[in-house]
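Student: Residue numbers (full-length UniProt numbering), protein chains in the order written: chain A, 1 to 325; chain B, 1 to 325; chain C, 1 to 325.
Treat the hints as calculated values from the structure; they're not laboratory data.
Mixed in with the good hints, there may be bad ones.
Identical copies look the same in the list; a pair holds intra-copy or inter-copy alike.
Unchecked claim - Quick list of in silico lysine-lysine cross-link-like pairs, BS3-like style, CA-CA up to 27 Å:
hint, residue 1, residue 2
1, 135, 100
2, 100, 226
3, 195, 135
4, 312, 115
The structure displayed is predicted, hence computed values, not measured ones.
Here are the chains, one letter per residue:
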Amino acid sequence: RIMRPDDANIAGNVHGGTILKMIEEAGAIISTRHCNSQAGEPSVAALARVERTDFLSPMCIGEVANVSAEITYTSRHSVEVQVNVMSENILTGAKKLTNKATLWYVPLSLKNVNKVLEVPPIQYTRKEQEDEGKKRYEEQKLDRLETKQRNGDVIFPIINPEPHTVGYSQSSLIHLVGPSDCTLLGFVHGGVTMKLMDEVAGIVAARHCKTNIVTASVDAINFHEKIKKGCVITISGRMTFTSNKSMEIEVFVDADPFVDEPRERYRAVSAFFTYVSLSKEGKPLPVPQLLTETEDEKRRFEEGKGRYLQTKAKRQAQMQQAAQQ
Amino acid sequence: RIMRPDDANIAGNVHGGTILKMIEEAGAIISTRHCNSQAGEPSVAALARVERTDFLSPMCIGEVANVSAEITYTSRHSVEVQVNVMSENILTGAKKLTNKATLWYVPLSLKNVNKVLEVPPIQYTRKEQEDEGKKRYEEQKLDRLETKQRNGDVIFPIINPEPHTVGYSQSSLIHLVGPSDCTLLGFVHGGVTMKLMDEVAGIVAARHCKTNIVTASVDAINFHEKIKKGCVITISGRMTFTSNKSMEIEVFVDADPFVDEPRERYRAVSAFFTYVSLSKEGKPLPVPQLLTETEDEKRRFEEGKGRYLQTKAKRQAQMQQAAQQ
Amino acid sequence: RIMRPDDANIAGNVHGGTILKMIEEAGAIISTRHCNSQAGEPSVAALARVERTDFLSPMCIGEVANVSAEITYTSRHSVEVQVNVMSENILTGAKKLTNKATLWYVPLSLKNVNKVLEVPPIQYTRKEQEDEGKKRYEEQKLDRLETKQRNGDVIFPIINPEPHTVGYSQSSLIHLVGPSDCTLLGFVHGGVTMKLMDEVAGIVAARHCKTNIVTASVDAINFHEKIKKGCVITISGRMTFTSNKSMEIEVFVDADPFVDEPRERYRAVSAFFTYVSLSKEGKPLPVPQLLTETEDEKRRFEEGKGRYLQTKAKRQAQMQQAAQQ
Numbered sequence: 001r002i003m004r005p006d007d008a009n010i011a012g013n014v015h016g017g018t019i020l021k022m023i024e025e026a027g028a029i030i031s032t033r034h035c036n037s038q039a040g041e042p043s044v045a046a047l048a049r050v051e052r053t054d055f056l057s058p059m060c061i062g063e064v065a066n067v068s069a070e071i072t073y074t075s076r077h078s079v080e081v082q083v084n085v086m087s088e089n090i091l092t093g094a095k096k097l098t099n100k101a102t103l104w105y106v107p108l109s110l111k112n113v114n115k116v117l118e119v120p121p122i123q124y125t126r127k128e129q130e131d132e133g134k135k136r137y138e139e140q141k142l143d144r145l146e147t148k149q150r151n152g153d154v155i156f157p158i159i160n161p162e163p164h165t166v167g168y169s170q171s172s173l174i175h176l177v178g179p180s181d182c183t184l185l186g187f188v189h190g191g192v193t194m195k196l197m198d199e200v201a202g203i204v205a206a207r208h209c210k211t212n213i214v215t216a217s218v219d220a221i222n223f224h225e226k227i228k229k230g231c232v233i234t235i236s237g238r239m240t241f242t243s244n245k246s247m248e249i250e251v252f253v254d255a256d257p258f259v260d261e262p263r264e265r266y267r268a269v270s271a272f273f274t275y276v277s278l279s280k281e282g283k284p285l286p287v288p289q290l291l292t293e294t295e296d297e298k299r300r301f302e303e304g305k306g307r308y309l310q311t312k313a314k315r316q317a318q319m320q321q322a323a324q325q
Numbered sequence: 001r002i003m004r005p006d007d008a009n010i011a012g013n014v015h016g017g018t019i020l021k022m023i024e025e026a027g028a029i030i031s032t033r034h035c036n037s038q039a040g041e042p043s044v045a046a047l048a049r050v051e052r053t054d055f056l057s058p059m060c061i062g063e064v065a066n067v068s069a070e071i072t073y074t075s076r077h078s079v080e081v082q083v084n085v086m087s088e089n090i091l092t093g094a095k096k097l098t099n100k101a102t103l104w105y106v107p108l109s110l111k112n113v114n115k116v117l118e119v120p121p122i123q124y125t126r127k128e129q130e131d132e133g134k135k136r137y138e139e140q141k142l143d144r145l146e147t148k149q150r151n152g153d154v155i156f157p158i159i160n161p162e163p164h165t166v167g168y169s170q171s172s173l174i175h176l177v178g179p180s181d182c183t184l185l186g187f188v189h190g191g192v193t194m195k196l197m198d199e200v201a202g203i204v205a206a207r208h209c210k211t212n213i214v215t216a217s218v219d220a221i222n223f224h225e226k227i228k229k230g231c232v233i234t235i236s237g238r239m240t241f242t243s244n245k246s247m248e249i250e251v252f253v254d255a256d257p258f259v260d261e262p263r264e265r266y267r268a269v270s271a272f273f274t275y276v277s278l279s280k281e282g283k284p285l286p287v288p289q290l291l292t293e294t295e296d297e298k299r300r301f302e303e304g305k306g307r308y309l310q311t312k313a314k315r316q317a318q319m320q321q322a323a324q325q
Numbered sequence: 001r002i003m004r005p006d007d008a009n010i011a012g013n014v015h016g017g018t019i020l021k022m023i024e025e026a027g028a029i030i031s032t033r034h035c036n037s038q039a040g041e042p043s044v045a046a047l048a049r050v051e052r053t054d055f056l057s058p059m060c061i062g063e064v065a066n067v068s069a070e071i072t073y074t075s076r077h078s079v080e081v082q083v084n085v086m087s088e089n090i091l092t093g094a095k096k097l098t099n100k101a102t103l104w105y106v107p108l109s110l111k112n113v114n115k116v117l118e119v120p121p122i123q124y125t126r127k128e129q130e131d132e133g134k135k136r137y138e139e140q141k142l143d144r145l146e147t148k149q150r151n152g153d154v155i156f157p158i159i160n161p162e163p164h165t166v167g168y169s170q171s172s173l174i175h176l177v178g179p180s181d182c183t184l185l186g187f188v189h190g191g192v193t194m195k196l197m198d199e200v201a202g203i204v205a206a207r208h209c210k211t212n213i214v215t216a217s218v219d220a221i222n223f224h225e226k227i228k229k230g231c232v233i234t235i236s237g238r239m240t241f242t243s244n245k246s247m248e249i250e251v252f253v254d255a256d257p258f259v260d261e262p263r264e265r266y267r268a269v270s271a272f273f274t275y276v277s278l279s280k281e282g283k284p285l286p287v288p289q290l291l292t293e294t295e296d297e298k299r300r301f302e303e304g305k306g307r308y309l310q311t312k313a314k315r316q317a318q319m320q321q322a323a324q325q
């Protein structure tokens, strides 16, 4: 579809969140279709996890987004989907790969939303494909467990913070979940949640560096808990790390089922977003260093640095590999 | 209402699809109101057909759209509505007729959606009005039957197409039907479908000629099949004909009731859209000729030429008639 | 237009904010049209104030909103507009007055947004009309000055608050101002701001009483400061007063022109919203009493009580007057 002014920031760059929402919609369609391809109980595929995603080149207003999706692995209860987004300038015909994403879905019964159904197996053309898929499946399963334990952190408000401290840019947003946000099962689409997360992370980044910012990458996101229609969700973001030219922001999503529900507020999702600051010509700008004050902030900065260096090393290894081929 | 940036393309011209959506909403309101004006089973008017519509002058961001609707004929089971759209520049006070449309609605029972109810007859001021309406009614009925037969065609993807061939510009878009897209009966508003059709047709036209394009006219659209909430719809478009300054695009809408429905994918709507290419000063530009390769493409080109010449002849006859008066 | 699921809460009642947005759009159109009705510098009418508005009966999904607007007074630099909203059930034909609102607009030059232009005078059918209008004009002018002074208050976050305290339900929302939120001058439509204010106030009310809530009335809102495209706005709400069956919530809007602007964060708008809690049958429910802790909270509760009693007395006086006629 064509990118509209509302999909983009004032510099005309499409929000990362808009792209994540399109990716998730494509993934939900293909995996729901697959899970209902054999006779049996009807089901709706719910997003369980999105693997780390890099935004390779910014998309602009007026360009057309081409989204293609393919099922690459099935376990007994989950589906792995690979989604590619190409941006196409229909005036010049130029096409660019915007990003590639890998998503995991789980089929939930349409009649009983707490029941996970079985997934019809796909056919692999080579035995290797299945083995590699299984390896990816095991890895993400382990990672899901780990983040579940980490998930208890809370962002406390800070009064009169200094510029460039963590408290200065931290932000939060509340959203009342409406019918358009939800699947047939009455739960929020994963893509809607990711779009709101990107919105908060973008505001944190812009408050910190006060320039035009764009999403550079999103770390793996695990959806541990479903969010029901009618909930109020609070999305909070704080900066954890800055390199010379990038900012890492941690985002939490808490759901508050406050009408007619006995349940307390709970943490539904958390993730790390990385942003860069762009000049008017689209070149990356230096970013002011994050000032850490408390022990926790310093620890999180070091952890963020670890993730940053690891990603950088991985990317260099990939580039060397590519150069050798 | 005031036209916003999201209603328009990057050159500031309001999408034909936005206007079609407003027209259909006005038609649905007036015909639902009429069908419930007498005591009896409550009903919701569903769009059955839109007659050929010309876009007389482009509307721009910031202008106000004034939409007026009037019932012009009733048969036993259908209502004919005439809708006019005026664009008003509230700064200069200038008003222009943007388009006139004729829509046909059918009242469906609120309790049993497969039951078509009777329409209360309207009063005609002159006997002629009734006769002319009846003639229009018979004509559209015949045309509806014909398009139903034509509806089986499918658009296949083409790999590495040459510029200006049919395969080069053909496009498709997938949309998951949400609650805001639907009427009280849980079926997609005709206006929502037309807006998506216009979006796809616009992408096809822009891919072909790589300039700023606007909707010039829409041929009669017949809504043979309803589309239910929760369906995935695929809207595909391909170019069928080019004259020196216009492009004709055929658009298909297929619905995929992929959850909880035994039904196969089916063709819901099809229609022809005509686009022109505009220079920055708003003047029509020449259009590159469509290169036809297969026998089918050549046949469709000739058929498109037939429609083009017929419309041109009709318009000239009208102008001569107007000149003689 | 037809009310959609997205316009309403999960009980199907249309949000007060949706109605306020429609009212303001109608007011902006009629006053911009009037201000440009004579030759001279083109201008766009900007919302300066909305008088107190009562929501007389709830509107539901599927109903049609009929909005009518009329200019009732002009001063040298401002326009008073009266807007009525009728809800129409197109199935039964039943119409109800949803609310009446009075809005004040000021024409700003399209070329120089800081220049307020002159308003062409309207013709009054009776001298009394002009005198009464002038009286309303003087009253609102006085009230505007007063609220400007009150506007410095800030909502501080509270950690682990007790149920039914002020801190327990207070909420805030951030929103990045996009192109669709703005007028031709690049400033946020008053209606967009009011919709967001109603959203926050509704969340505060629902958090307090955990039931289905609807907007009952909005006190006069003064728009002291314009908000520019690209700003981040923070909308915060806190409960100030509860009667047996109503809740009063104070809402603040702060704008943060954080990209490319030398200006600090500033207070753009503030207002009081009153909500009631409804049972499934649509009857008003008792509301838990607000627990006030600090001196400021107690003071605000007494002030809210004052406003509540004043409104009640006014309404009784009007009813007696109506009964005597």
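Student: Compare the structure with each hint and give your call.
Tutor: Hint check results:
1. In this assembly of identical chains, the alpha carbons of residue 135 and residue 100 lie at most 27 Å apart only when taken from the same copy (19 Å versus 45 Å across copies).
2. In this assembly of identical chains, the alpha carbons of residue 100 and residue 226 lie at most 27 Å apart only when taken from the same copy (25 Å versus 35 Å across copies).
3. In this assembly of identical chains, the alpha carbons of residue 195 and residue 135 never lie at most 27 Å apart, being 29 Å within a copy and 44 Å across copies at closest.
4. Within a single copy, residue 312 and residue 115 get their C-alpha atoms no closer than 40 Å, and across copies no closer than 50 Å, so neither meets the 27 Å cut-off.
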